[in-house]
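Undergrad: Dock chain R against chain S, hints included.
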Amino acid sequence: MIRLDQVAWRAGAFALENISFTVPTGSYGVLMGHTGGGKTSLLEIICGLRRPTAGSVWLGEREVTHLAPGERGLGYVPQDGALFPTLTVREQLGFALRVRRRPAREIAHRVAELAVPLGITALLDRRPAGLSGGERQRVALGRALAARPRVLLLDEPLSALDDDTREPLAELLHRIQRESAVTVLHVTHHLSEATRLADLLFRLQAGRVTETTPTLQP
Amino acid sequence: MSRRAFDPLWLVLGLITGGYLLFWLGLLGSAAVHSSPGDLWRALHSREIRYAIGLSLWTCTLTGLLSLLLAVPVGYLLARGRFPGRALLDAALDIPIVLPPMVVGLCLLIFFQTLVGQLIERVIPFTYTIAGVVLAQFVIGAAFAVRTMRGTFEELSARPEDVALTLGCTRTRAIWLVTLPAARRGMVAAASIAWARSLGEFGPILVFAGATRMKTEVLPTSVWLELSVGNLEAAIAVSMVMVVLAIVVLASVRLMGERL
Chain S
2 MIRLDQVAWR AGAFALENIS FTVPTGSYGV LMGHTGGGKT SLLEIICGLR RPTAGSVWLG
62 EREVTHLAPG ERGLGYVPQD GALFPTLTVR EQLGFALRVR RRPAREIAHR VAELAVPLGI
122 TALLDRRPAG LSGGERQRVA LGRALAARPR VLLLDEPLSA LDDDTREPLA ELLHRIQRES
182 AVTVLHVTHH LSEATRLADL LFRLQAGRVT ETTPTLQP
Chain R
136 MSRRAFDPLW LVLGLITGGY LLFWLGLLGS AAVHSSPGDL WRALHSREIR YAIGLSLWTC
196 TLTGLLSLLL AVPVGYLLAR GRFPGRALLD AALDIPIVLP PMVVGLCLLI FFQTLVGQLI
256 ERVIPFTYTI AGVVLAQFVI GAAFAVRTMR GTFEELSARP EDVALTLGCT RTRAIWLVTL
316 PAARRGMVAA ASIAWARSLG EFGPILVFAG ATRMKTEVLP TSVWLELSVG NLEAAIAVSM
376 VMVVLAIVVL ASVRLMGERL
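Chains as they are written, first to last, in this note's numbering: chain S, 2 to 219; chain R, 136 to 395.
Here chain S stands alone, though its shape is the one from the complex:
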């Protein structure tokens, strides 16, 4: 479960106020809003990369408002993937486990296990510079899922992709969420993407979040 309770955040003239919503455990939540409306800031607050000025953030039954990002048990896929520029795909996928000092055999097993459904087995020894947009997003997704997080946060994961790449990746996100039962919050400004994937749809408008029905009617 992802729960925000009366969260507020301010940066200069921009403000998010009284943000409260819940994504139940195992659900696929989509947050829609205009570009520059604060969607990414909200994800970063849930990640722990930004500190809210008021309110609380809950993941499962645990309040994480004051926890460091790495202690929250979540996976985060930023908009551009933000892959580590000097690491191979294999090292990116094994990164979270390496940081947790897991044995090399366990890391290798998890990397192989992730690479198959993501379709990136052939890319394992490549570095990010040579990857396409879709490949980068798959690697970023695998890197976020490696430590089996309970919560997955996706920031516009399909926006930079062409039509041919977008649909297979949307299908992959849907399948992975169903199979791993991870709770997802996916941020986008595309209505079609939102209705394709969402169990619950939220709208961020004028610094506030409201829940709406996931249909193609705006």
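The hints are simulated quantities; they were obtained by calculation from the structure and are not laboratory data.
Take the hints with a grain of salt, since some may be wrong.
Unchecked claim - To spell it out: a stretch of chain S is covered by chain R in this simulated footprint if at least three of its residues, at any positions, have a beta carbon under 8 Å from a beta carbon of chain R; those stretches are:
1. 44-51
2. 63-71
3. 77-91
4. 172-186
Stated by the list, open to error - Listed next, the stretches of chain R that the computed footprint assigns to chain S, with coverage defined by at least 3 CB atoms under 8 Å from CB atoms of chain S:
5. 297-306
6. 309-322
In this text, a Cβ means the ideal position worked out from N, Cα and C, and glycines have one as well.
TA: Coordinates of chain R only, in the frame set by chain S:
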């Protein structure tokens, strides 16, 4: 397929660049032809010059490494830190770049006459010693290295480091595992800029460390000493040694940087 129309601006820019390059090559060439291979040979066989070459090489290398050790944390703070007085700190760190080098040497000399300076001298003597040569090189070389590292960190996206935090890293570990490997070319550039700047450093070394032969004599000091006794040929020969050293070392470092 139509070709793009030629813009005369490129011709003008090419002429300006070519003129500047020719001017520089002319300066180096005139110095080179003024010296003979015999002068160069004699310079290389002089015990004092060989000492100066050795001292220059190892002090510059040490200064390059020390400058990098300072430049990485300071450059990171300036590039990523958001705190009151940041602009002031940024300007203050440029002071060694804009100060006349002689004044830097004078400041060092005066500082080590103060009580704090005297206490430091009891542990490591700096004034008129080889440690003083390194310190005089470091004061200016480090400022250039800090500029370079700041630029490097500013060009790198902070997002991969943020992702590393969400994957379980502390900030220090994220910097170590993600940011520093990505900044490795900038680090090579920062160390080599500090090295090159130190090789040509003269004023602060003369004032603070002196010009004692076989003790604190580095290559620029040799040029000055030879000029001061009217030995123009030897001064030019030592200058040529410096040019060759700088080109060889910097070309090797650049080649190494490209392979990283």
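Undergrad: Now tell me if each hint is right for this structure.
TA: Results of checking the hints against the structure:
no.: 1; hint: 44-51; in the structure: holds (count 4)
no.: 2; hint: 63-71; in the structure: holds (count 3)
no.: 3; hint: 77-91; in the structure: holds (count 9)
no.: 4; hint: 172-186; in the structure: violated (count 0)
no.: 5; hint: 297-306; in the structure: holds (count 9)
no.: 6; hint: 309-322; in the structure: holds (count 5)
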